[in-house]
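Trainee: Chain by chain, the residues:
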Amino acid sequence: MSEPSSTDTSLDTPPSEEGLLESLEHMDAAERAEHDAAVSASVAPDREISVAKGETLLAVDGLTVRFGGLTALDDVSFDVRRGEILGLIGPNGAGKTTCFNIMTGVYRPTSGDIRLEGVSLARMKRYKIIQTGVARTFQNIRLFGAMTALENVVVGADARHRTSVPGALLRLPRHRREEREAVEKAMALLEFVGIADRAADKATALPYGYQRRLEIARALATQPKLLCLDEPAAGFSASEKDGLSELILKIRDDGYTVVIVEHDMRVVLGVTDRLVVLDFGRKIADGIPDEVRRDPAVVSAYLGGDLDEESDQ
Amino acid sequence: MAGVSHWWNSKSRPAQWGYMVPVVIFLLALPVLNPPIITTEPYTDFPIALFNAAVFALIAIGLNVVIGQAGLLDLGYVGFFAIGAYTAALLSSPDSELGVRYPWLVIVPIAMVVTMISGVILGTPTLRLRGDYLAIVTLGFGEIVRLLADNVDPLRGNRGFQNIARPGGDFPDGTPIFSQTDALGFYWLAVMIIVIVLLFMGNLERSRVGRAWIAVREDEDAAELSGVPTYRFKIWAFAIGAAVGGLSGTLFAAQVGYVNNQRFDITTSTLYLAAVVLGGQGNKVGVILGAFLVSYIPDRFQFEPTYRFLIFGVALIVLMIFRPQGLLGMRQHLLANGRQAYQKLFGAGTAVAPSGLTASSKARGDLSETVPDDHAGTSPRGGGE
Numbered sequence: 352m353s354e355p356s357s358t359d360t361s362l363d364t365p366p367s368e369e370g371l372l373e374s375l376e377h378m379d380a381a382e383r384a385e386h387d388a389a390v391s392a393s394v395a396p397d398r399e400i401s402v403a404k405g406e407t408l409l410a411v412d413g414l415t416v417r418f419g420g421l422t423a424l425d426d427v428s429f430d431v432r433r434g435e436i437l438g439l440i441g442p443n444g445a446g447k448t449t450c451f452n453i454m455t456g457v458y459r460p461t462s463g464d465i466r467l468e469g470v471s472l473a474r475m476k477r478y479k480i481i482q483t484g485v486a487r488t489f490q491n492i493r494l495f496g497a498m499t500a501l502e503n504v505v506v507g508a509d510a511r512h513r514t515s516v517p518g519a520l521l522r523l524p525r526h527r528r529e530e531r532e533a534v535e536k537a538m539a540l541l542e543f544v545g546i547a548d549r550a551a552d553k554a555t556a557l558p559y560g561y562q563r564r565l566e567i568a569r570a571l572a573t574q575p576k577l578l579c580l581d582e583p584a585a586g587f588s589a590s591e592k593d594g595l596s597e598l599i600l601k602i603r604d605d606g607y608t609v610v611i612v613e614h615d616m617r618v619v620l621g622v623t624d625r626l627v628v629l630d631f632g633r634k635i636a637d638g639i640p641d642e643v644r645r646d647p648a649v650v651s652a653y654l655g656g657d658l659d660e661e662s663d664q
Numbered sequence: 008m009a010g011v012s013h014w015w016n017s018k019s020r021p022a023q024w025g026y027m028v029p030v031v032i033f034l035l036a037l038p039v040l041n042p043p044i045i046t047t048e049p050y051t052d053f054p055i056a057l058f059n060a061a062v063f064a065l066i067a068i069g070l071n072v073v074i075g076q077a078g079l080l081d082l083g084y085v086g087f088f089a090i091g092a093y094t095a096a097l098l099s100s101p102d103s104e105l106g107v108r109y110p111w112l113v114i115v116p117i118a119m120v121v122t123m124i125s126g127v128i129l130g131t132p133t134l135r136l137r138g139d140y141l142a143i144v145t146l147g148f149g150e151i152v153r154l155l156a157d158n159v160d161p162l163r164g165n166r167g168f169q170n171i172a173r174p175g176g177d178f179p180d181g182t183p184i185f186s187q188t189d190a191l192g193f194y195w196l197a198v199m200i201i202v203i204v205l206l207f208m209g210n211l212e213r214s215r216v217g218r219a220w221i222a223v224r225e226d227e228d229a230a231e232l233s234g235v236p237t238y239r240f241k242i243w244a245f246a247i248g249a250a251v252g253g254l255s256g257t258l259f260a261a262q263v264g265y266v267n268n269q270r271f272d273i274t275t276s277t278l279y280l281a282a283v284v285l286g287g288q289g290n291k292v293g294v295i296l297g298a299f300l301v302s303y304i305p306d307r308f309q310f311e312p313t314y315r316f317l318i319f320g321v322a323l324i325v326l327m328i329f330r331p332q333g334l335l336g337m338r339q340h341l342l343a344n345g346r347q348a349y350q351k352l353f354g355a356g357t358a359v360a361p362s363g364l365t366a367s368s369k370a371r372g373d374l375s376e377t378v379p380d381d382h383a384g385t386s387p388r389g390g391g392e
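Sequence order for the protein chains is R and E. Under our numbering, the final residue of the first sequence carries the number 664; numbering is consecutive throughout. Under our numbering, the final residue of the second sequence carries the number 392; numbering is consecutive throughout.
Watch out, some of these pointers could steer you wrong.
Per the computed footprint, the stretches of chain R lying under chain E, defined by three or more beta-carbons under 8 Å from a beta-carbon of chain E, are [said to hold, decoys possible]:
hint	segment
1	364-371
2	498-507
Distance windows between CB atoms, simulated [to be verified]:
hint	chain 1	residue 1	chain 2	residue 2	range
3	R	Asn443	E	Asp139	31 to 41 Å
4	R	Ala388	E	Ile328	51 to 61 Å
5	R	Arg474	E	Asp139	46 to 56 Å
6	R	Gly586	E	Ala36	51 to 61 Å
7	R	Gly419	E	Arg166	53 to 63 Å
8	R	Ser367	E	Gly175	30 to 40 Å
9	E	Asp139	R	Ala585	23 to 33 Å
10	R	Leu421	E	His13	49 to 59 Å
11	E	Val325	R	Asn491	29 to 39 Å
12	R	Glu591	E	Phe329	37 to 47 Å
13	E	Ile128	R	Asn443	44 to 54 Å
14	R	Ser367	E	Ile328	40 to 50 Å
15	R	Phe418	E	Val321	46 to 56 Å
Since the hints were derived computationally from the structure, they do not count as laboratory data. Predicted model, so just to flag it, every value in this text is computed and none were measured. Heads up, the beta-carbon is just placed ideally off N, CA and C, and yes, glycines get one too.
For reference, chain R alone in the conformation it holds in the complex (with noise of 0.2 Å):
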């Protein structure tokens, strides 16, 4: 994949003395910027944002859901253009988190289809969803409690490894590379989402704030094409909030799809470039935010109370 990388977190380079943390603190601005950019390149190898942006990268198709009587989704269709971020909004229980779960394979549709490219993930099982290129992130945090930041994002990068029993027990060349290459791109990851200082803590003992960065640095070490992300701001203060809204832009600059289910009107006016509104399970306005907010069905869905208003809250 991506040859060994010439950024600092590369094990080839012995430690320094301080630590590559800590020399970080006392370095000037062109040095920064230097290794700002390695990081990127490191989290981001393959980014070809110019070429593709803005054909259909997912495309969501008839999409209908039935839990007995209850119907979560029905006939939902909007694409997912690359290079962009698209807001998922709407009431409680609109269907967003049931979208995204059909997204990743936690349900299965019951109509219609859904696909990465042109692959459908509707049947497919939900490692290899991520191997195609979804990745996602939880509204209610789920991280490997017991393993540290660093290793929860070794897990990610995991999914693309081929290494097997044999291949570990064994200590092959190719699980060495992996390891190597995997750890690497994990440490250039916690740096990115801004969490590294506390790389070798257990998942428990980071802040609130951490563990939801250190989610998104395990969905990214996925390499994924599409990267969900299900109310990243829940819990959040409103600086935190600015802090998380700057990272997502940052990913989807740095040539990640992002796709966004989230109840803070701030952050979602302030990241999306696109927003598909459901309410009741379907699909009732899709368009740029400045469009989206003026529709009379959304202002009536959202109980005649301006969006606005709600990002006042």
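Given the structure of chain R, go ahead and fit chain E onto it with the hints provided.
Mentor: Chain E alone, transformed into the frame defined by chain R:
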């Protein structure tokens, strides 16, 4: 305790193995030294007691893969031990209808493959189940193996198999190294097998495989949605655990030289589970300690036959009250290059433990909401402090 584990974690893996050499030499010398107070004699032959403890430890290491690492509650593990022992018996005893007498070294790989396959056969339909359901099915598996041994004619029930093959070789004075009466050679063999198995287990733990197991234990759905082929790695956990169980079965059968249907009941499975829980699920050294205690205490108190199991039971209860997470807490190293990576981030001088005892994180304590504990049990079944 924290200081010791901190010091230990700051050493590289080869250095840790280097420190283990004198420990292993001491363990090998233990039956020869036969130290007073520790010894189980005159009631139980000390080398035999130690050999039994070593076999128990090997079983616990195998069961730890399934329970401690992958978090799959297996209550029928004795079944694999039995399959290993019976494979050895069928392939070498003159009582066997197969009519072959293979040497022990040939039997070992065959028995491991047979048990591994039986692990896969058990796992394929059952590993779609979780938690309590899995425990019940595995319980049934253990019973099925025992009942087969009771009732299938070629397995000879209570009559059993005599003269099972043992490894060859003589001491310089002409007495055989491996004999039924003097367990010294068998004990040494068992310790060496444990060392080798531990080395391989360490390799697995510091790989995608070990991480997949821990991820399944911590949150199976999140693991699958992070790209872990959970089903495949659960089957691997069963297969590897089974193979180690089979290996210990052949070792046991060779030393005793005799196998019948008497030793493979549910109580034995429970004792295996007790060894793992007592020592500390997910800690290889811990489960060896646990296995040693579970095997050793009844032997040590043999002079008090009426009360020895009472003493044993009280010891277990006391331990579980004061160390609910086991003697040694859950601990794992999941990265082949972990130490290098943490040193890269935090500086060459820092001794970084996976528990997060870094100099940097202590210095940045203002960010910390929880003080990371050295042995914090975090899994749902891990038991916190």
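Trainee: Could you run down the list of hints and mark each one as holding or not?
Mentor: Status of each hint after checking the structure:
Closer than 8 Å: that is the beta-carbon criterion, and the segment 364-371 of chain R has 7 residues meeting it against chain E, so the requirement of 3 holds. For the segment 498-507 of chain R, the proposed coverage by chain E is satisfied: 7 residues have a C-beta within less than 8 Å of a C-beta in that chain, meeting the threshold of three. At about 33 Å, the beta-carbon gap between Asn443/R and Asp139/E stays in the expected band of 31 to 41 Å. Checking the proposed 51 to 61 Å range against Ala388/R and Ile328/E shows it holds: the Cβ atoms sit about 56 Å from each other.
About 30 Å separates the C-beta atoms of Arg474/R and Asp139/E, a value inconsistent with the hinted range of 46 to 56 Å. Roughly 58 Å separates the CB atoms of Gly586/R and Ala36/E, a value that falls within the hinted 51 to 61 Å. Checked against the hint of 53 to 63 Å, the C-beta distance between Gly419/R and Arg166/E comes to roughly 58 Å, which is consistent with it. Remark: the range hint 30 to 40 Å for Ser367/R to Gly175/E is contradicted by a beta-carbon distance near 55 Å.
A beta carbon spacing of about 32 Å between Asp139/E and Ala585/R agrees with the range 23 to 33 Å that was offered as a hint. Between Leu421/R and His13/E the C-beta distance comes to about 54 Å, which sits within the given range of 49 to 59 Å. Judged by the Cβ atoms, the range 29 to 39 Å given for Val325/E and Asn491/R holds: they are separated by roughly 38 Å. Roughly 41 Å separates the CB atoms of Glu591/R and Phe329/E, a value that falls within the hinted 37 to 47 Å.
For Ile128/E and Asn443/R, the hinted distance range of 44 to 54 Å is satisfied, since their beta carbons lie about 47 Å from each other. Separation of Ser367/R from Ile328/E is about 47 Å and conforms to the stated range, judged on CB atoms against 40 to 50 Å. Take Phe418/R and Val321/E: their Cβ atoms lie about 52 Å apart, and the range 46 to 56 Å holds.
In summary, the numbered hints that this structure violates are 5, 8.
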